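One letter stands for each residue in the lines below.
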Amino acid sequence: MPIVSINGEDSIVHLRPLSKFWTYYRISSEAQVLTQQKNNEKVQEMNIRYHINAAISHIADLLSLAAEPWYGITILGTLDTAHPTGLDRIDLSTFQDLDRFIHHIERVNIVNGTRIGNLSKWDLSMMTQQRSGWNLQHDQTATWTHLGSDILMFFGKDVDSPANALEHSSYDVSSADFAIVGYRQPILDDMLPESTSLTYKHTKDTDIPQINEYIDLPDRYAKLLIDMVQASILQQVNVDIPKQIEQSINQATQQLTSMIDAKRQFEVNAKQGYDRNLNRIQPPGGI
Amino acid sequence: MTIWEAHRTLALAIGDAVPFLDVNGDEATKLSPPTSIPDGARILRYMRDNCLYRAILKVYHEILMSIAALDKETASRILEQIMPNRIFTINFVGSFSNGTMIRTLDELGNKLMYIVNIYTNNANGKKYPIPLRYGIDINGMINSRNVQGFDAFCTHYAIYKDDTEVSCLMFFDDKDEIDGNEIYVRLLEYPRNPADAISLTDPDYNWNMDLDIEETFVPKVLNYAKLYVMQESQDIDAFAALQMEFIGQRGQGGQDANS
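Chains as they are written, first to last, in this note's numbering: chain P, 1 to 287; chain A, 1 to 259.
Hints are all accurate, no fakes.
Only pairs whose alpha carbons sit at most 27 Å apart, straight line, appear in this in silico DSS-like list of lysine-lysine:
#, chain 1, residue 1, chain 2, residue 2
1, P, Lys42, P, Lys243
2, P, Lys42, P, Lys204
3, P, Lys42, A, Lys175
4, P, Lys204, A, Lys127
Covered stretches of chain P, as calculated for chain A (at least 3 residues, CB under 8 Å):
#, segment
5, 46-56
6, 187-201
Calculated directly from the structure, the hints in this document are not laboratory data. Everything numeric in this text was worked out from a predicted model, so none of it was measured. All residues carry an ideal CB built from backbone N, CA and C; glycine is no exception.
Based on the sequences and whatever the hints tell you, model everything.
Written out as structure tokens, the structure reads:
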């Protein structure tokens, strides 16, 4: 059982959604009111639920690309058996299909054992190349990359790991715990009928909703979500989307896009700093 | 306007006035309607009944045609505004098997003409509308190639039950949303023929009953009825004059003859 927890929980179903106020039902209701489609003559409730899921996926994607903190997760695990490439690995798919739930991985750390610290992100070809053993400069290096359902890791030939299997080593990571810090995808409406759904309940405002009924999006982005759902509904009924809504959506997504650009620039700068050995303040990250 | 008032007005309008006598031979008044309506000198009571009925149907036809192209939301709103007294509500508890329910409406006094709207009330007291679907739209909604499915919806059509044509509602309930719920249907029935509205044995059904039309449409009904009587009675001169009157009104006001 290489991966043991995600955010300290033993199952992804225990993750809590991000909204404090907005439930799927409330979003759907607000969008119906604003588009005057309360009578479900043209737009079915199920259609709106699909619109909500699509919009949340999109906004969450932008937020995670911008490295906003909301969908950040910490996965704790140990090394699996070696990968066919000869590299060490942690297989994400063995834990509740985690590989399908992850947006991207940012950092990998060793959190206990004889050495504790950050693993550098390398390109896969660099890692396999170093496996040849011609180069002595990386004998004690620990690196990682994300490929499909695996986190692949390269450990220098002085480090004991399942792939290296040394008797004498500078340090041993074969039973060390790794903290994988990354971003997950949002939890979405389960699309089951209201009678059996855990997420979409017709809970009136006179009752307190259950935790699962809240949307997995910070409340500050609810307006953008509602605008997007409105646009989808109007598109569905073949009505022109009001300019105000279009502008509002464009403005909000533009903001997120500039945040993504800023984040990308930050990573580039950090990498350049690392290349010039100026990385004392800011560790390098994946580009 | 009551049926007998309509008869009297129509008879006067076509110049075929006859004294309406009650069983005691006294002239009938509004307060004392007759127990039977006599024939006129030229026009039989039977013809007046039928012309009134045709006129009522004609008015309904015009209303329905004028809203046919509108979306359901607008159409039902207009109908409720212009015919508030002709829209009835029936309610029942939905009982479904295989996600569909066929509900015959043979408890109605007459055949179903138009469904204004439907809503349901579930066990938790939550009400929501049930959309109406027609034609290929229904096939589109039940198309299993669309994974999004559909909210419960309703359509209406006719079947033969014991050799009698009966109006039916068919509910599709893909997600078992409304099984066991109360269902409310707001509808328009077909009007009755005034000739059938009377029952000599049942005091509740007599000539004092209202015509099956919203009161505001009575002038239009009488105008059409007058036209039909003229047409049927071959009263060519009067018929031509009336037609001129219709045409003149159209020409002046752009309106149909409804005053």
